[in-house]
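A.B. asks: Quick note on numbering: the first sequence equals residues 1 to 454 in this note's numbering.
It should be emphasised that the hints constitute simulated quantities derived from the structure, not laboratory data. Since the structure is predicted, the reported quantities are computational estimates derived from the model, not experimental observations. Watch out, some of these pointers could steer you wrong.
[To be verified] Quick list of in silico lysine to aspartate or glutamate cross-link-like pairs, EDC-like style, CA-CA up to 16 Å: (1) K54 - E67; (2) K294 - E283; (3) K403 - E392; (4) K294 - D308; (5) K217 - E174; (6) K282 - D242.
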Amino acid sequence: MLLEERRWIAEVMREGRPGERYVIAGWVEAVRRHGGVVFVIVRDRSGRMQVVAKRNVSREAWETARELSRESVVAVKGILVESKAALGGRELQAEEILVLNEAEPLPIEPGGKTASLAIRLRYRWIDLREPRHATPIIAAAVAAEAASRWFSEHGFVEVFTPKIVASATEGGAEVFPIIYFDKEAFLAQSPQLYKQMGVIAGLERVYEIGPAFRAEKSHTARHLTEFTSVDFEMGFIRGFEDVMRVVEGVVTAMIEAVQRDERTRPLLEEYYPQALELRPPKEYPRVSIDEAYKLLRNAGLELGEDEDLGTEGERRLGEIYEREYGAPLVFVTHYPWAVRPFYTMRVREEPWGCPEEPRFTNPRRTYSFDLLFRGMEVATGGQREHCPAILEAQIREKGLNPKAFEWYLEMFRHGAPPHGGAGIGLERVVMQLLGLSNIREARMVPRDPEHLVP
RNA sequence: GCCGCGGUAGUAUAGCCCGGACCAGUAUGCGGGCCUGUCAAGCCCGUGACCCGGGUUCAAAUCCCGGCCGCGGCGCCA
Numbered sequence: 001m002l003l004e005e006r007r008w009i010a011e012v013m014r015e016g017r018p019g020e021r022y023v024i025a026g027w028v029e030a031v032r033r034h035g036g037v038v039f040v041i042v043r044d045r046s047g048r049m050q051v052v053a054k055r056n057v058s059r060e061a062w063e064t065a066r067e068l069s070r071e072s073v074v075a076v077k078g079i080l081v082e083s084k085a086a087l088g089g090r091e092l093q094a095e096e097i098l099v100l101n102e103a104e105p106l107p108i109e110p111g112g113k114t115a116s117l118a119i120r121l122r123y124r125w126i127d128l129r130e131p132r133h134a135t136p137i138i139a140a141a142v143a144a145e146a147a148s149r150w151f152s153e154h155g156f157v158e159v160f161t162p163k164i165v166a167s168a169t170e171g172g173a174e175v176f177p178i179i180y181f182d183k184e185a186f187l188a189q190s191p192q193l194y195k196q197m198g199v200i201a202g203l204e205r206v207y208e209i210g211p212a213f214r215a216e217k218s219h220t221a222r223h224l225t226e227f228t229s230v231d232f233e234m235g236f237i238r239g240f241e242d243v244m245r246v247v248e249g250v251v252t253a254m255i256e257a258v259q260r261d262e263r264t265r266p267l268l269e270e271y272y273p274q275a276l277e278l279r280p281p282k283e284y285p286r287v288s289i290d291e292a293y294k295l296l297r298n299a300g301l302e303l304g305e306d307e308d309l310g311t312e313g314e315r316r317l318g319e320i321y322e323r324e325y326g327a328p329l330v331f332v333t334h335y336p337w338a339v340r341p342f343y344t345m346r347v348r349e350e351p352w353g354c355p356e357e358p359r360f361t362n363p364r365r366t367y368s369f370d371l372l373f374r375g376m377e378v379a380t381g382g383q384r385e386h387c388p389a390i391l392e393a394q395i396r397e398k399g400l401n402p403k404a405f406e407w408y409l410e411m412f413r414h415g416a417p418p419h420g421g422a423g424i425g426l427e428r429v430v431m432q433l434l435g436l437s438n439i440r441e442a443r444m445v446p447r448d449p450e451h452l453v454p
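My request is simple: use the sequences and hints to build the entire structure.
C.D. replies: This is the structure:
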């Protein structure tokens, strides 16, 4: 039996001609033994099919079939036959069954929802055979493709920035140190500085879909130490409103792609139907942080003037918008300077230029935003400060050492247009779209503070 | 980093509060048997577990202490 003759199960089920001989291959999902007849459900990436092995048709195939263990890998050659009793109305009557790899007893049940997430991740190669569990992985791929396509259609150039860097983006302690020959280095927590370089270098609009590393010991269902960041940066913006419009375009493209793509739509219909109901509005509502404070205070949540909303605040704000305006996505704008990184532009006059005496009309607020998706932060962005003098002052104000940002500051002295950008958490978008209770479901092999294996 | 909850067969759980009749129940898996139309196959038989250490007690899965491991909440963030 030649594997070259192998056909996709979906193809045989759809286009196969009864009476013809076909070869399929895949995993043994179930074996039902009935004495002289054995039913084997074989699954490949495209679908499932029933194989029937009868003693009086092929004694050899029948004997092999009755010995099969679940999740073994087989190739089956047989005649396609119509059968009212078979799933899909047709089945393959086995002439020959070849066991390519015999599976030992399984530690978890692939079809089961019984095993806890921790155990499922330990045996991820079995776990993902369950289509429900593979869906978020496929959805992430489809969403990333859609983002990529959107960017490229809107004049963005893909860049590949270093993941081995000399210093932390924000000077914080949340980076993984590594040894780089005889130097200390870190895993990049964000492509931020390099995206900006792309803009300043004249590429004007750049994007990157790549890994980001955070050395935070976050014990939550929505954090990973390694995740995929959908990042972009664009020059000559009129204001951060331009940036938000790009985020809107990309996020909507990601959501709609997952809903419509033929690789994900059938899975959503079967396992995540509520994900199909989501309709991203043309324009996502915007709420300034100060309005958000008011709304939350009215809802009974006490918040300080320069405080971040916190998990509770974001969740409540998301609820308010979903309930009052039917909006699953909302931008929160003008975050306090106190909670934003040094490169964020503060509210000032002439944000497109570099005045000698910048006039900060509201020095405690910035041209930045977060995107909340069903009450969870899925993107952060804003306009960046592009004036070297102001930037340096802001670095000092954040208690950082300008020497650590030498090349970064230098860039702005050689022609830096006004610009802005954002980072979108791929896994978070998938998580919120599918309604996953844990972000680890959205990553094939997730990394969190305690797990390094497998 | 701080706080909370939890660890019983491969997996998921009951039992724990109120210690004894628990050599630990159930489901599923796994092994064996019967069955030529199953599709959550069925029926029969079998298999397999109290995280580790210490303490209290006549008696500990159950109560106490320590450790290890897991999960989550907050902080931080995508």
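A.B. asks: Hints the structure violates: just list their numbers, smallest first.
C.D. replies: 2
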